[in-house]
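J.: Read off the chains here:
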Amino acid sequence: MTTSRREFIQIGGAGLGAAALGSGLTTKWWGLDPDVVHDPGTDGDQVIPTFCELCFWKCGVLAHVKDGKVTKLVGNPEHPLSRGKLCPRGTGGTGLLYDPDRLKKPLLRKSTKRGGQEFEEVSWEKALDFTAEKLLKIKKTCGPDKVALFSHGFGGSFFKHLLFAYGSANVTAPSYGQCRGPREVGFNLTYGASLGSPEVLDIAHSRCLTLIGSHLGENMHNTQVQDFAQMIAKGGQLVVVDPRFSTAAGKARYWLPIKPGTDMALLLAWIHVILNEGLYDRDYVEKNATGLEELRAHVADKTPEWAFTETTIPASTIVETARFIAGARPASLIHPGRHVTWYGDDVQRSRAIAILNALLGSWGRRGGIFVPTQMSVPKYPVPEYSEKAKAAQDHPDGVIYPFAEEVLSHGVCDATVPGRILTKGCPIKGWIVYGSNLLQALPQRKNVEEAIQKLDLLVTIDVLPAEIVGYADVVLPEATYLERWDDVAPVPWSEPFLAIRQQVVPPMYESKPGWWIAKELAKRLDLGQYFPWESGEQLVTERLKAGGYDVEKLKAKGVVKGTPVPVRTDEGLELSFATPSKKIELYSKRMADAGLPPLPPYTRHEQPADGQFRLLFGRTPTHTFGRTTNNRFLSEVYSENEVWLNAKAAKEQGLASGEVVTLVNQDGVRSQPVKLKVTQRIRPDCVFVVHGYGHTNPGLKFAKGRGMDDQTLVTRIAVDPVAGTTGMSVNFVTIEKMTGEKSAGAAPAAKAEA
Amino acid sequence: MSATKSAAKRYAMTVDTRQCVGCKACVLACKAENAVPDGFCRQWIVEEVRGEFPKLSAEIRSERCNHCTDAPCVKNCPTGASHVNEGGVVLVTHHKCSGCKACIAACPYDARFVHPEGYVDKCTFCLHRVQKGLSPACVGVCPTGTLTFGDASDPESAVSTMLRERRSKVNHPESGAGPNVHFLV
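Line by line, the protein sequences give chains A and B. Take the first sequence: its position 309, counted from the start at 1, is 309 in the working numbering, and no numbers get skipped. Take the second sequence: its position 66, counted from the start at 1, is 1066 in the working numbering, and no numbers get skipped.
Source of the hints: derived by calculation from the structure; they are not laboratory data. On a predicted model such as this, the values are computed, not experimentally measured, just so you know. Note that the Cβ used here is the ideal one computed from N, Cα and C, for glycine as well. The reader is advised that the hints may include incorrect statements.
[Stated by the list, open to error] Examples of chain B residues toward chain A, derived with CB under 8 Å:
hint: 1; residue: G1022
hint: 2; residue: A1032
hint: 3; residue: C1041
hint: 4; residue: K1096
hint: 5; residue: P1108
hint: 6; residue: Y1109
hint: 7; residue: L1127
hint: 8; residue: G1140
hint: 9; residue: R1164
[Stated by the list, open to error] Listing some non-contacts, in silico: residues in chain A with all C-beta distances to chain B over 12 Å:
hint: 10; residue: G41
hint: 11; residue: N222
hint: 12; residue: Q653
[As the list claims (entries may be wrong)] Simulated pairs of lysine-lysine, PhoX-like, Cα-Cα distance not exceeding 20 Å:
hint: 13; chain 1: B; residue 1: K1055; chain 2: A; residue 2: K648
hint: 14; chain 1: B; residue 1: K1055; chain 2: A; residue 2: K651
hint: 15; chain 1: B; residue 1: K1055; chain 2: A; residue 2: K677
So that you can see chain B by itself, here it is in the shape it has in the complex (with noise of 0.2 Å):
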């Protein structure tokens, strides 16, 4: 239902490979903005390093959930916990959730863990945030600028802009979901 609420908004990331050192701020400030508990993370850095000394190469990924357009998480969830809430953004609602795992199962990126209460967590694209006006807490954060969140579907936004400008690349476009973190490269 809430798909079509908002049909227009497509909210999306990129994520600059190139300016992202691995810092781990946006991990960090996710945790304090969203109080995560101890010993778990809504996002992680992945760190490829390619070829043999001295001929190395590196990229520095700051992942999350991808808030797939065609989101399997979302389909496979029996209560409806997981839904489509505005601007595409998949979200959990605590209450509804079962934590029978099968939306676990079924996320292509091992975005999504149970919560020490029982329901399944994971990035909400800080939507409690965005409807304020402000940025998600890891683009806020972020103090090489790696970061860029905004809504798709308006061609001047700045995140419309990156994807426009610059060569992407997204995690696993084979699961077919329709991720909506882009990776600039």
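If we strip away everything but chain A, and leave its shape as in the complex, we get (with noise of 0.2 Å):
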């Protein structure tokens, strides 16, 4: 190697002296030590595929191992919803299996009150016999359908297999009425199936992509947005209607701030253009479809001059993103949503997308919605449940919601307060809680704490201390996804594929697998034949083995696929709805026969008055919700939320970005501090928060005190007719200015953290 002048120079210009050159000495002269490309050494001795649970979507990762450390985690270019690609949060894995907060050890509640946070360390032994002497209890004296089990997560499907087993088919999830419920409605009222999770789209060859309040980029389900991407590369256009310029806004070409609340009259006013000028698909809509006279008649008078007025989108624009959206079709995708939970008319304005996609002729066709494919794995043979379920508990009121497909989780919180349900009978006396932070899920917290202080029994089952579990009387700690074997269920989706959850470690502190709660749980209920299997990894070997799959490549490569199946008319598809006339149904009669609209009618819902403003709520890209606040990897890059503000609003309020205050709504209820965020990205007539922040629970001690909690502000609710579902984006707030004093509680700023 030779040595250049300049190399000497630097050795002499070191400028440390003495002590520099010393320590050098060491290793090597400075100037001479070769230039080093530094290997992190983060690659795993193994990698070891399983999928994604830090949100619901299912993505496959290879966890990489060394020296008995998750050190990353990376996509599996091998499995169909991660294509080798992870969204923010998937890298975060590690966030939370290290995560110290950590639920450790089984817990007993000590204080006489739920809630009172006072718990003591238990044996695994001692808190399984505690739970399961009060589920025979309950059983014995008020029937086992007096058990409800809340669940949110892949995990959860054991504890759902020992509720059905007990006797009871109180199933129930926030995910479903206070989220993606009306939707599922809407769509299955209209083509007889619902869109599930991951949605049915076929957003990556759409050549028009229509976005009302979704917003996808900040929403991050890996696959969509690839597909969301990849759409906007092959110069798929955009036309957002959010009363916030979201991330998509800023990609649209037309970005159209509605008035919150009235998105129904632009759906509407578009339906009625498109039959107007006759832009619809009319083979299509003549071949598959029953109800367009019926329809047309029905917005006969939704024109787009009416529609501005509830909107404030002017009528030429309505216009023109009508023609847009039909002009690309039938590569023209009217988004479903996914959180669709907001004034309490949502199944009926699930109904107006349904339609317009219908118009369009997207449902069945090549960048529109396709018709999955599943693979199938047989059943590991267990008994037929012995008891039969009871009719699953739905809301109080008498009120039957025909059209809900699963049980209401505010409505089973209703039936837990004894006097609050009309119908007959004991309430339901023990809850069983799955991974579902019930105090930031569910509405009007009052009520819920209320439903809490009544039971007999309360049992969480969790991997974080989040304030659900803060009210337990017994917590049961469960090893991360990364910790453990859950049972095999396959996706549907546009291609066929199976892929298998597996430990990647071993469980941490007493931490146990899911699968070994609810065995134990079942043997000490005498329902130990319904859990047959010896292990996680058993049940899921046996199930594959019998289904003939190659169980050791699934072990090495995470995931399998099956033969392809068209899955779009382009394909071979052959269009075939599960309605009662066959057809898509326009016109809904269903609805009509169970005295409801049979078409989606406008309703003008109320608008803040002045000096206030509706409270919007949505996601970060970093984080799930209250689910993963508390992971400081993923805090690194978001570690509190803020409201946004108009910046104009912000004036008029005499408010500054950065300031703390707090939100107060209707009711007079007050908000955590929160920083405001004044922006020119949002309507002045709403503010919009990030939601799952400002929890309360001193076990998450690094998410404790940062932000706001928005569902503490949600005290009114519009409950759907249709689906008893709850719309939340019915809640009014002012901003109050925090003092100096009451601001020393807000968050730290999160590069304080460094």
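Two chains, two frames, some hints: make the complex.
T.: If you want it as structure tokens, here you go:
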């Protein structure tokens, strides 16, 4: 090696003299040392495929394990939902696995009142015995249907099985009644099929994608965002309807900053224009749909001029966008949304979206909505459920929501409080809560807390001390998704595939996998015959073998794929619809028969008064609401929410960015202190926050006290008459500046941690 | 000395601002891959919104060290720790760095920070992966296909194609440093 003059100068000019040179002597002389390409050494000795649980999309990940530690998680290139890529949350699984605040041992409540936060650490034996004893007592005194399971996440399957075996059908999740329920009902009524999760959307091939309140890019469902970006790359266009200038709006051909609560007017006006100008897919509609004439009559007076007065979107823009959207059909998709529980007429709005998609001919078409395929795995042989599960608890007031497809979480909540429900008999006495922080997920927190206090038993199975855990009688610490085998369940998708979740590292602390917890409880409930497997791995292995799958290959690759079948008409799919008429039902006779409007009516929703703002909430790409806000790794890039307020409105209110404020809702309920983000990116009649902050459980040492919890302010709900789901964007707030003393409790800035 | 050993290669990156949603998967995948310590990131997202409601436009950029052709950090490094490695990638040899921060002051992009272990750290274009034929971690993870990495001296490479076919710009062209991260607009 030759040494240049410059390097000699560098050695001489190091400037730190003898001390620096002295320390350098332990290695080599600086200037003569070769340049180094440092390898951070995060490649695993072992790379184990599994799938993610940072959200519920189920992307395939490859876990790098080195010296028994998970060093990094990368996308599995073989997995159709990740295609080798991950969203930011998926990379942050280590932040969950190594969260120092994890639940480490089973806990029993010591405090007399639920929520007192005093627990004693007990053995698994004691915690399980206690739980089983209480469950047996409820079964004996009130019947098994008086126990409900709230479940969110893939591992909940073992507890669903346990509950059915025990004799209750009260399996519920806020992800239905407080999230995507109305969409599923609306599409089911129209097409005889719902959209599921992951949604069966062929966005990658769309020529035009219309988003209504859906904030793709901030809502980071991996495959969907990949498809979204591919669509943009190929020149696909976006129409974004959102009171907020979302990330997607920033990429849109048209951004329609609609007045919140008036989306239905825009949808009906679009239908009006598309029918009036004959822009719809005549052949498709004629062949596949019923009720066109009724629809035409229904929207006759829903002119763009009328819609302007409701939505504040100029009539000319409504006409122009209707033509633009129709011009791209059938590869023109009106995104059905995901979190759609907004104003209480959410099924009807979802119906309007379903109808519009039908007029564009997008169902079953390339660039529209595909009809998924799914692999099959034989069930593990277990006895039939012996006690026939009784009809699910629905909702108080004796109202039956004929089109609700799942038990409603808030209904179960109400059915727990004596006197709040009109049905006869014993109220619900026991809750098993799996991975669902009901206190941040359900509206009307007071009602939830009241229900909790009425229970005979509240068991939580969780990884972290979410707020609900603080109210439990028994806390059962579950192993994270990286430490356990889960059951196998094929995902309906555009290509048939089967993926497994396998243990990457052994469970830390005294946490246990869900399959073990459920099996141990079953034993104590005399239901052991329903859990004959020795382990999660054995359950999965046996099922795979019975299905003729190559188990070793699945373990090595994490995924196998089946033979593709047509999922769109251009691939050879024949359209069929599981509705009573076997057609797309633009006009819904089923709804008419149930005494509900068979075509989506326009309801004028209350608007905030002067000085009030409608409270809207949503997501940030790095978090899955409260589930990840204690994840220190993910919080490196987003660690507390802030309230978005329009710049002009802020000026009128005398408020500036960064100021600490509190939001006060129409019922006088106050939020935690939160920072203000003054921005041009939102209408002046609403505010926006990212959901899942403002944790109060002291066990969440990182997240506690950061930002505000929006759900506390959702004291008012609008119950959907079709599905019983709860519209929650009906709360109005005023903004109060915090004085210096009050704001002292506000969360520190992200970087202050460093 | 390294600049000559691989004069043929010129690693560069394109960032498609039309595709990027600013999700920060790149930032976090980089942190995991490179075991970047708590409180630090080698990459960052810039969201630039212009205009007044409702007439707005936005640009989102995934940013990092530009691995400048005429890198001010290398010129200003008194110890030779900051150097030009294979393909023009600017690296810091940890044990040669005294943590004097001259490079931090010289960098037009604020791309550098002092690692808690005392040396200056920044994006390496994941050269340790690139040398094994892999893409940088940020490129590998990106769900939107925003990032393209490759040899800009090879006209057949994906990054050259991008630069040829799309309009692009660089940050702070006035610095004269010759940045090699290009933003497609």
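J.: Does each hint hold? Answer for all of them.
T.: To see whether the hints hold, each was checked on the structure:
Evaluation of the B:G1022 hint against chain A yields a held restraint, the C-beta minimum of about 6 Å falling below 8 Å. Checking B:A1032 against chain A by beta carbon gives a least distance of about 4 Å; that is within 8 Å, so the hint holds. Hint on B:C1041 holds. Least Cβ distance to chain A is approximately 6 Å, under the 8 Å limit. Look at B:K1096: its Cβ gets to within about 5 Å of chain A, closer than 8 Å, so that hint holds up.
The restraint placing B:P1108 at the interface with chain A is violated, with a minimum CB-CB distance near 22 Å, outside the 8 Å limit. For B:Y1109, the shortest C-beta to C-beta distance to chain A is roughly 18 Å, which exceeds 8 Å, and the interface hint is violated. Hint status for B:L1127: holds, given a least beta-carbon distance of 5 Å to chain A, under 8 Å. Restraint check, B:G1140 versus chain A: the minimum CB separation of about 7 Å is within 8 Å; hint holds.
Given the 8 Å rule on beta carbons, the hint for B:R1164 is violated: about 16 Å separates it from the nearest Cβ of chain A. Separation of A:G41 from chain B is inadequate, the least Cβ-Cβ distance of about 7 Å not exceeding the 12 Å criterion. Here A:N222 does not stay apart from chain B, with its beta-carbon only about 5 Å from theirs, under the 12 Å limit. Interface exclusion of A:Q653 from chain B stands, the closest Cβ pair being 15 Å apart, more than 12 Å.
Between B:K1055 and A:K648 the alpha-carbon distance is near 14 Å, which keeps this suggested pair within the 20 Å criterion. Taking the CA atoms of B:K1055 and A:K651, the gap is about 19 Å. The hint holds against a cut of 20 Å. Of the supplied pair hints, the one linking B:K1055 and A:K677 holds, its CA atoms being roughly 19 Å apart against a limit of 20 Å.
Violated hints for the displayed structure, listed by number in ascending order: 5, 6, 9, 10 and 11.
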